[in-house]
Amino acid sequence: MAAAPTAKETRILFRNIDEPELASIRTYKELGGYQSIRKAFLEMAPEEVLKELEESGLRGRGGAGFSMGKKASFLPRGDMDKYLCCNADESEPGAFKDRELMQKNPHQLIEGIIIAARAAGANRCFIFIRGEYDLQGDILDQAVEEAYEAGFLGESVLDTGEQVELVVHRGAGAYICGEETALLDSLEGKRGNPRLKPPFPAVQGLYGGPTLINNVETLSNVPHIVGSGADWFKQFGTEQSPGTKVVSVSGDVRKPGNYEVELGIPTRELIEGLAGGTEERAIKCFFPGGSSAPVLTAEEGLDLPYSFEAMQEAGSMLGSGSIIVCDERTSIVQLALRTAKFYHHESCGKCTPCREGTNWTVKMLERMIRGEATPIDLETIASVQKNITGNCLCVLGDSMAAPVGSMVEKFRPEFEEALEKGVPSLNGRNGGARSGAAESKGRRARREAEHLTDAGRSR
Amino acid sequence: MSQPIRNAVTLVVDGREVVAPEGTMLVDAAKMGDIEIPVFCYEPKLGPPVGACRMCLVEIEGIPKLQTACSTPVRDGMVVYTQTDQVKEAQNAVVEFLLVNHPLDCPVCDKGGECPLQDIAMGWGPGKSRFTDPKRHYQKPLELSPLIAIDRERCILCYRCVRFSQEISEDEQLVLHERGDRSFVGTFDDRPYIAPFHGNVIELCPVGALTSYSYRFRARPWDIEQAGSICTLCPSQCNVAFTVRDERVMRVLARDNKAVDDGWLCDKGRFGYQMLSGSERITEPMVRAGDGSLSPVSWEEAIRMAADGLRKAGPRAAALAGGGTSNEEGFLAQGLMRDALGSGNLDSSPNAPDPQLLSELARPELAAKVSDLDYAGGILVLGADPLHEMPILDLRIRKAVRRNGTRLLVATERPSALDGGAATDAVRYAPGEAIAFIESLAGALGAEGYEASGRYAKDAAAIADALRAIPDSVIVWGERLWRRPGAVKALHDIARALQMHQRIGTGLLEVPEESNARGLREAGFLPETGPGYRTAAAGKGAVQIRDGLASGDLSALLLLGSDPVRNYPGGETWRRALASTFVVAFALTEDESAKHANIVFPAESHAEKEGVVTHPDGRLQRLRRNVPLPSGVRPTWWALAEIAEALGTNVDYGTPEDVFAALCAEVPFYGDTAYEEIGGRGLRWQERDPGSSWVPQPTGGGDGTGVPAYAPPEGEGLVLGTYKDIWAAEATRRNPSLRFLMPTQRLELSAKDAKTLDLANGDPVTVSADGSRLEARVSVRERMRPGAAFLIEGTETDNANLIATGEPRRITVERRPEPETNGSASGGGGNGRARVVATPMPAEGAR
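These protein sequence lines map, in sequence, to chains A and B. The numbering used here puts the first sequence at residues 222 to 680. The numbering used here puts the second sequence at residues 78 to 924.
Everything labelled a hint here was simulated from the structure, so no lab data went into it. Quick reminder that beta carbons are idealized off the backbone N, C-alpha and C, glycines included. One should not assume that every hint holds.
Okay, derived cross-link-like pairs now, DMTMM-like style, lysine to aspartate or glutamate, Cα gap no bigger than 20 Å in a straight line [stated by the list, open to error]:
{"id": "1", "chain 1": "A", "residue 1": "K418", "chain 2": "B", "residue 2": "E120"}
{"id": "2", "chain 1": "A", "residue 1": "K411", "chain 2": "B", "residue 2": "D266"}
{"id": "3", "chain 1": "B", "residue 1": "K212", "chain 2": "A", "residue 2": "E587"}
{"id": "4", "chain 1": "A", "residue 1": "K418", "chain 2": "B", "residue 2": "E99"}
Here are the computed distance ranges between Cβ atoms for each label pair [to be verified]:
{"id": "5", "chain 1": "A", "residue 1": "K291", "chain 2": "B", "residue 2": "R480", "range": "53 to 63 Å"}
{"id": "6", "chain 1": "A", "residue 1": "K411", "chain 2": "B", "residue 2": "R268", "range": "13 to 23 Å"}
{"id": "7", "chain 1": "A", "residue 1": "E501", "chain 2": "B", "residue 2": "P125", "range": "56 to 66 Å"}
{"id": "8", "chain 1": "B", "residue 1": "K212", "chain 2": "A", "residue 2": "F421", "range": "30 to 40 Å"}
{"id": "9", "chain 1": "B", "residue 1": "E255", "chain 2": "A", "residue 2": "E366", "range": "29 to 39 Å"}
{"id": "10", "chain 1": "A", "residue 1": "Y428", "chain 2": "B", "residue 2": "P203", "range": "16 to 26 Å"}
{"id": "11", "chain 1": "A", "residue 1": "P645", "chain 2": "B", "residue 2": "G154", "range": "25 to 35 Å"}
{"id": "12", "chain 1": "B", "residue 1": "R322", "chain 2": "A", "residue 2": "V424", "range": "44 to 54 Å"}
{"id": "13", "chain 1": "B", "residue 1": "P548", "chain 2": "A", "residue 2": "V388", "range": "54 to 64 Å"}
{"id": "14", "chain 1": "A", "residue 1": "Y428", "chain 2": "B", "residue 2": "P548", "range": "40 to 50 Å"}
{"id": "15", "chain 1": "B", "residue 1": "D153", "chain 2": "A", "residue 2": "D362", "range": "50 to 60 Å"}
{"id": "16", "chain 1": "A", "residue 1": "A285", "chain 2": "B", "residue 2": "R207", "range": "50 to 60 Å"}
{"id": "17", "chain 1": "B", "residue 1": "R480", "chain 2": "A", "residue 2": "F421", "range": "16 to 26 Å"}
Here are a few chain B residues that sit away from chain A, every Cβ distance over 10 Å (derived from the structure) [as the list claims (entries may be wrong)]:
{"id": "18", "residue": "L724"}
{"id": "19", "residue": "R860"}
{"id": "20", "residue": "R886"}
Kindly generate the complete structure, drawing on both the sequences and the hints.
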């Protein structure tokens, strides 16, 4: 194994992340916090704030990578109720960066929200936080209260007469609510189902009003951009991916965790340097941007720059910036099943290809692992992924089809092998998988009964 | 808000040039070029598209991804392909996905043969599924409601039924539980889905997941015939199609007509067909013997006896017509009374409309049509509760509010289904005090001769401000306002003050008490008013007929589907009056009034009748015979003509069409309208010459002035109002499937009065007024005006009409002991409805 390359973090959002008490408004202010908000409200017109954000080239950190400033500029001007929603429903397997940002530095986010609200002309803001982030929700509640007390939120922010209200709303446990329009429906008290687009939320979002929706990390960048200027921000990263990125690295690495790096550094530095590499095992593949990104093999991906454009070019995506590393022990068929199961579980069921395609894929992969699949099934798995892709109401269906499709494509021999003998369990590592032959009759009957209960609720 | 003007745009679909209005969805535009794009979830009646099923994916030039045609509005120059390989692949994929969890039990499925899923799978599917794993299993069928079975395995999760419940009827009972492929349609806590419009979900369902218990396994599409007619069970006059097998009506479906019903039906209309072939139906003429028993006689004999009896009474005869009576029948009957008997004693309503005002209000320029509601800036619902009186109007009003932001104002004596949710303003006046409110409103709007003062001045001022601020308003008002003619006069003056006669899309829309009330008025079935609102010789109205019969001044009564004992105020007086009179009744079943008839003729049902009825907005609509007359039944129009002939008048009609022609000759605004012109969609006479320029001639009636000022009834106690409940009707009683909905009497009280009287929900009470009494249970309601109390008219027992006189009156309420609950008939205290609602659905098994 090659020696770990030199690797270092570039900390902007994480600048004082290890400071105890950073979550308190006192410490945050002592360390220079809530200065950008003064600049944005006292020295800059809303249009100037918006211009600064647009010029910074900041791209959304939630997955799609769309220009944040441009998105904010889509909101119509004029006097009407406008909304800003911070998407803190971080639920994708492999992603845990927002959790740390909110837990350790909530005021950075709140400051970012207030400034972004000014840029977009929104005065009602929400943080839609994943329900399971209980601790982080409490911390945000506390921080919001402090910000109100300090006069950064409320009817007159910094006595300027500008109103910005902020409410922390806890989700009820659905990955789909991280999809921006499902988030809006859920926030309105409805079933969290994605809406048809257009109209886009910037035109008709929460309660029918123009709405800006941004990820936690995106908004956490805002105080820095406004405080130090777009030009300063653009020094970091690449031309098309300016700034830094908090990357969650997990899987088969020695030091899983969040690392803030400049966009564009070699991916190898992240995996083998910062995260310490694998336990002397070869990397089979990795997800460069969360579980919805097509996997890249080590050869394909390790030497790519970690940037939006490079990952896209390689046929994958940077997504939310979450790297999941799988070493040589990993059964790709098991990985495909695990991935498909997640999306099957989380599909909202509104549109047909996603609802039935995820279900069907899971069933076929399960059979494959038991050694009960046929070569036709392998073709069908590939074809089903293709049939899902591009035909769904939102991106959840594609989020399964893309990684599973990439696994079938890149590791076809492994699937073909599974057709023959199934996938045996590897020291329990692959979730207790077993070959069809090894499974006792009784066990299989029990499992099928479980399956029925789970899927059909009929027993 | 007025209806948006839409320009035409040109696009190309599969090489064909198509012209469609701007904003049309691609699916609909393609149809204009004769190109079908398959859909499941798309249904414009349900509001904006949701794009859930993904069946309608098409290729649009310049857009890399396939787009859903249901949600893509057309643009000029758009080039669309619906047949390319990419599209076909997507269509095949979606059909295959839809069938992954569909059981394909078509041979035993009611929908088989008329199933969109079958059609689309055949037309756009791959023909074969690659899915080999076990499918989703549920217990099936489950009782979604006592009327609907749900098979969740067949469900393709298109969301249509849920959207109906959430966004059309707004009962919000149907929801999707769970997530992903585990999703299923149901209600909260498995409660039965009980709502007045819920049957529509059966028709919306594109598969066999929602089926009607009363139609399940009764017929296959190739066994049935289907034809259109009009439902005359209420004034909505919805356009329906009767499904007929072996000469029996097996099902009622909506026959979309935007101008009338928007494609919806209420459950009474949808499920109220079992009575048409029920055993209780009268199918031959009968004569009552001295001991009260009925025995059949021949038609000739019955006609002779009826003619003899009526001839004997001569000018002392009277006639009442019910809402199911067609214009032709009304016309013939009024001719029979006036020409053959010299009697002008005929009426079709207990509410005594003023002839002069009636014809004034019939002016085309003052009339609003149903579709005006869609884009009205505001709607004032005055003295009416559409849900109970004209149910489809309730949906129409909700639609205007939900989709077009119409402002809804409500002013009623009883809390209506519309306030509290859709309505922004709700005024509650005391029972009988509508006139006080309306006169204040007229004053607040500056109508001449009214003062903006009085008890309701403040409420009236608020409504007036709202109406003034909204240019195009429609006032939906209840027929009961006629009980004080001054009220309707003031309403008329309000319409003028709002310049309604000079604006398009505004006007008045009356909610009559009975289905064809308007048609009967136009045909002259009113005292003092002949066909076409022309002055006729004086005669007695309903109330005087009752008193005349009771006192012996009148000696014979002809009933055309009218049941005054049950439906008119003073039911007990009617009963006594009928008991001592020679009564000829045309009736479907032996109803409360027909029980006292000396001669009973079998009447035609609305599925059997040929004729014309008039919708409350002036639309002439044709009833057509969908099923043959039951053996022994003959057309009512023919019988009336025969009786008239036996009485010596010279009538010679071969068909109902001949009768209609004769009617048209007497009604100037009908002109020479022919049956063919009315067609399947109806025809508003106001929109056709000479009706469009019709001007009422002065008639003999008063002008509504000189009415004594209203004074609340003297004495102490709550003031009683009564109302019609949608389910307190003959159709509920005669249809086994609907019987569970028949309400038992309940006394509605405000929370304040309930507290004063120390009564709680469900407490049994005795309600009495001047010696008449009935039993009821207490129902404490929100938004009730303290001091008021309400009872339901037309219940099977303890009918409010036993107490009601048509005027507000004071009542005494006393708690009575809880009746024994051993299941025996316990007077009015039964709780049939409550029991059904409280019974949980059969459990689905351990969860």
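Check: Broken hints, numbered, in rising order?
Finding: 5, 10, 11, 13, 14 and 16
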